[in-house]
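> One-letter residues, chain by chain:
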Amino acid sequence: MKRRAAILAALAVLAAPLAAALPEDAHIIAITNARIVPVVGAEIPRGTILVEDGRIAAIGADVAVPAGAQVIDANGLRAYPGMIDGYSSLGLVEISAVAATVDNRETGRINPQARALEAIRYDSMHIPISRSNGITAAIVAPAGGFVSGVSCLLKLDGWTHREMAIKPAAAMHIELPGLRPARGGQSGGRRGSASPQPDGPALLAELKGLLEGARAYEKRRDAAAADRRLALPGYDETSESLLPIVKGELPLMISVHGEKDIRAALKFVRDENIKAVFYGVEQGFKVAGELAAAGIPVILGSLYDLPPVWEDGYDSLFRNPGILAKAGVKIAFSSSSASVAKDLPYHAAKAAAFGLGRGEALKAVTINTAEIFGVAGTMGSLEKGKAANIVLADGDILELRTNIVKVFIDGRETDVSNRYTELLDKFKK
Amino acid sequence: MKNPAIPRLAACALIAAVGLLPAFADGGSILIKNGTVLTVTKGVIAKGDVLVVDGIIKQVGGDIAAPPGVRVVDATGRFVIPGLIDSHTHVALAGTNEGSEAITPEADVGAVINADDTSILTALSGGVTMVHTMHGSANPIGGPNVVLKMKWGRPSEELVVGEALPTLKFALGENVKQASRTVQPGQTQRYPATRMGANAIIRREFARARNYMEQWDRFRKAAAVKNPPGSLVPPRKDLRLEVLAEVLRGERVARVHSYQATETVEFMELAKEFGFKIQCFEHIWEGYKIADELAAAGIGISVFADSWAYKMEAAEGIAYMAGYCAKRGVLVSINSDSGERIRRLFNDAAKTMKYGGLTEDEALRLVTINPAVQLGVDRIVGSLEVGKQGDIAVFSEHPLSAYTRCDLTVIEGEVYFDRDEIVKVREAAAAKAAAPRAEGGAR
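Going down the list, the protein sequences come from chains R and Y.
The numbers in my numbering rise by one with no breaks, and the one at position 423 of the first sequence is 423.
The numbers in my numbering rise by one with no breaks, and the one at position 73 of the second sequence is 73.
The following block holds chain R by itself, in its conformation from the complex (with noise of 0.2 Å):
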């Protein structure tokens, strides 16, 4: 932060001859001569964004930089949208095994009032890390037990979590038990846990109780206020944190696996006729007519897993992500992670190269997950209006060898120094 703070200065400083012929707040950042990457509509093999207030004021071929805008020639550059990650722990958990720096997991089953933006750590060394890899985003989601608790969308710059929220409630997560005891990878732990659980039905069954209970509570709280001879109904934690799913305000992002449990997620969500998402899916492929037909979306879990089940065969997360796309799922990906949030490009790749395809991978961490979080409206695209969230990179976005050299937030310039360029920078020679 105080690094950034220092740029800014310096940044000042440089702008200072300009801001004088320029009005307050009229600082326009013209980024010329870069390949242009939008996602929604054709690629511009050269083109120029120019940046005002925040948002992509004109964006194409032609349009003409205005005296006095900073230029930032991105000769030799590709620019993207920011990325966005579709569930992680970002500041959440900082050192997973150092139960001080972990809270994401709270105690007990059932946690609806548990929210995310609540307890970000706001300077976790992980942000940085990913927005220096080009994500701009993310969803960060509490974990375990049965109704985990309500995500938020953040934009990862901000000086404090509440300056970073771009949706404070992004979803209320309810965890189905995975498709066999957790092992291995990052992500582990995350699709279930080894002992024993009660199956997905029953587990939706309970939930159904649950809104039930959360309607009825409604109802007489409702004409209790209304009625002052009516008796007041004590209140009640779980059911007033429920409401905004049956009021359908806020989505459910159901963590499902195995097919015989998606299916009867699809059937649950259909019951209900409330907003969901799904999460994790690894059997989705097996039920991908079904999902798209529901039109339920995917995000998508780690792909730094095994297959949960060896007969689906050795690739059957690689290939999952191109044959739920394919027949019409809308996907998301997720680095499912806090210390590796930064390889959520190469989630995307992997699928890639087992048959998503790389446009369509593209798409699933950027334009996909922010409509999927209803914000692509300002997001997930280079487009003229949007939030100014601009990557520059000397490569493929989602390439492993590609340098990502900017990262613009909001129309900002973000610090793209981290913990570990920190630490090299320290103990270098």
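Treat the hints loosely; a few may be bogus.
Simulated crosslink set (DSS-like; lysine-lysine; CA at most 27 Å straight-line) [unchecked claim]:
hint	chain 1	residue 1	chain 2	residue 2
1	R	428	Y	272
2	R	426	Y	311
3	R	326	R	428
4	Y	432	R	286
5	R	384	R	167
6	R	167	R	406
7	Y	327	Y	272
8	R	167	R	275
9	Y	42	R	406
10	Y	432	R	260
11	Y	327	Y	277
12	R	275	R	326
13	R	208	R	286
14	Y	33	Y	424
15	R	326	Y	432
16	R	260	R	326
17	R	275	R	219
18	Y	58	Y	42
19	Y	327	R	428
20	Y	272	R	429
21	Y	327	R	429
22	R	208	R	260
23	Y	327	Y	42
24	Y	58	R	428
25	R	267	R	326
26	Y	33	R	286
27	Y	58	Y	47
28	R	267	R	219
29	Y	327	R	426
30	R	267	R	286
31	R	167	R	208
32	R	247	R	219
33	R	406	R	384
34	Y	277	Y	226
35	R	275	R	247
36	R	247	R	167
37	R	267	R	208
38	R	326	Y	424
39	Y	33	Y	47
Calculated directly from the structure, the hints in this document are not laboratory data.
It should be emphasised that the depicted structure is a prediction, and the values quoted were computed from it without experimental measurement.
Given the structure of chain R, go ahead and fit chain Y onto it with the hints provided.
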């Protein structure tokens, strides 16, 4: 064991179940044609062929004609590289940690090889042909490790690479002091519980081993005289100290799990004090802080690309480490230490280009020739050179691209993983499953 027929049948059944096809005996001979050949040690051949005959690479170059009866694989548009080598894993074992005591050098993982571990298939699907599979990190002195080829379907003894350097696992830091373990009421905490104790107990054991060797020397000398006294009795044989004596005699090298700079430097001091060889530090997330010390001592490191911050001693593990240390002259390999990461070692190697600025060639070395050197097998594997064993992987794109995919894995000229076959079988099975419905389900 010369007749692998029965294990192969069993393997066949399992492979059928998991959808992987073994391409049985190609007689150890294969010609891979028209690929971009990345030899690792002898440059890149833009359109090249690699011929393996009876398990050994016979020719690397262009326009090689297939000897009669040798299978030819067309690698047009694909990349041909040496089979990847994982310098630190725990796959294909029936047990990993003898953690009931702190000092267990007699607990040899080579005695519990599990050739039926599906991790072998996972490894093959990521182009890995050889692994150093190790005792766990529960103990300051663990046990001997073993180097295996990923010959799925073969009996365990055929997997063992006899040419490899004998190694012994040591471990330092949080795992050894059992930092994450809650001691239950009534239990006592195992010694050591600090880094002080870990260092002390290792020093004690080497001192005991030195003393033990001296006892045997004196006995042998005394027994070698013409008329040894009738009262002469040999020292008590100690299977733990025997293994440490191998280390002190230079017949076995140390592979040391370490994280912090301090514990690492202290172990180096210990090795100097007792005169034994450290081949490699494992994980060593603070290695970049002592890169020059490691380079000067000629000690290699086997590390993750960027899996970090999972515990306190990994909280300063930066993704620049592998690349930075390699540039400072340390012999670096990237390991998986995982039955999952093992199938994306090439992805991890690629990260050292972005973080650390290695070239493609330098990055690829981290998972091929460098681990081969660390395991003492660089004369037989680790690069595509005439005379080396025919361990080869074929990738759909450059192996350091995020978009790549392993399509074929060959060990000593035999195909152990063939994605094209898997896809063919899968599609045939899908077509067959769909067929009765298409016919209206008569019967």
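> Run every hint past the structure and note whether it holds.
Hint check:
1. 428/R x 272/Y: 26 Å, holds
2. 426/R x 311/Y: Distance ~21 Å between residue 426/R and residue 311/Y Cα, so the pair holds.
3. 326/R x 428/R: This hinted pair is violated, its Cα atoms lying about 48 Å apart.
4. 432/Y x 286/R: 17 Å, holds
5. 384/R x 167/R: Between residue 384/R and residue 167/R the Cα gap is close to 22 Å, so the pair holds against 27 Å.
6. 167/R x 406/R: 25 Å, holds
7. 327/Y x 272/Y: 25 Å, holds
8. 167/R x 275/R: Given that 27 Å is the threshold and the Cα spacing comes to 16 Å, the pair holds.
9. 42/Y x 406/R: Violated, at about 37 Å.
10. 432/Y x 260/R: Roughly 23 Å between the alpha carbons, so the hint for residue 432/Y and residue 260/R holds.
11. 327/Y x 277/Y: Holds: residue 327/Y and residue 277/Y sit about 23 Å apart, inside 27 Å.
12. 275/R x 326/R: Holds: residue 275/R and residue 326/R sit about 23 Å apart, inside 27 Å.
13. 208/R x 286/R: 25 Å, holds
14. 33/Y x 424/Y: Answer holds: residue 33/Y to residue 424/Y is near 21 Å, not above 27 Å.
15. 326/R x 432/Y: At roughly 22 Å apart (the allowed maximum being 27 Å), residue 432/Y and residue 326/R satisfy the hint.
16. 260/R x 326/R: Distance ~21 Å between residue 260/R and residue 326/R Cα, so the pair holds.
17. 275/R x 219/R: Satisfied, since the Cα-Cα distance of roughly 21 Å is no more than 27 Å.
18. 58/Y x 42/Y: Holds, at roughly 15 Å.
19. 327/Y x 428/R: 11 Å, holds
20. 272/Y x 429/R: 25 Å, holds
21. 327/Y x 429/R: Given that 27 Å is the threshold and the Cα spacing comes to 12 Å, the pair holds.
22. 208/R x 260/R: Measuring from Cα to Cα gives roughly 18 Å; hence the hint holds.
23. 327/Y x 42/Y: 20 Å, holds
24. 58/Y x 428/R: At roughly 44 Å apart (the allowed maximum being 27 Å), residue 428/R and residue 58/Y break the hint.
25. 267/R x 326/R: Satisfied, since the Cα-Cα distance of roughly 22 Å is no more than 27 Å.
26. 33/Y x 286/R: Violated, at roughly 37 Å.
27. 58/Y x 47/Y: 17 Å, holds
28. 267/R x 219/R: 25 Å, holds
29. 327/Y x 426/R: The hint holds at about 17 Å.
30. 267/R x 286/R: 16 Å, holds
31. 167/R x 208/R: 26 Å, holds
32. 247/R x 219/R: 12 Å, holds
33. 406/R x 384/R: Holds - the C-alpha atoms of residue 384/R and residue 406/R are around 20 Å apart, at most 27 Å.
34. 277/Y x 226/Y: 37 Å, violated
35. 275/R x 247/R: At roughly 10 Å apart (the allowed maximum being 27 Å), residue 247/R and residue 275/R satisfy the hint.
36. 247/R x 167/R: With a Cα-Cα distance of about 18 Å, the restraint between residue 247/R and residue 167/R holds, given a limit of 27 Å.
37. 267/R x 208/R: The given pair, whose Cα atoms are some 11 Å apart, holds under the 27 Å limit.
38. 326/R x 424/Y: 20 Å, holds
39. 33/Y x 47/Y: With a Cα-Cα distance of about 8 Å, the restraint between residue 33/Y and residue 47/Y holds, given a limit of 27 Å.
In summary, the numbered hints that this structure violates are 3, 9, 24, 26 and 34.
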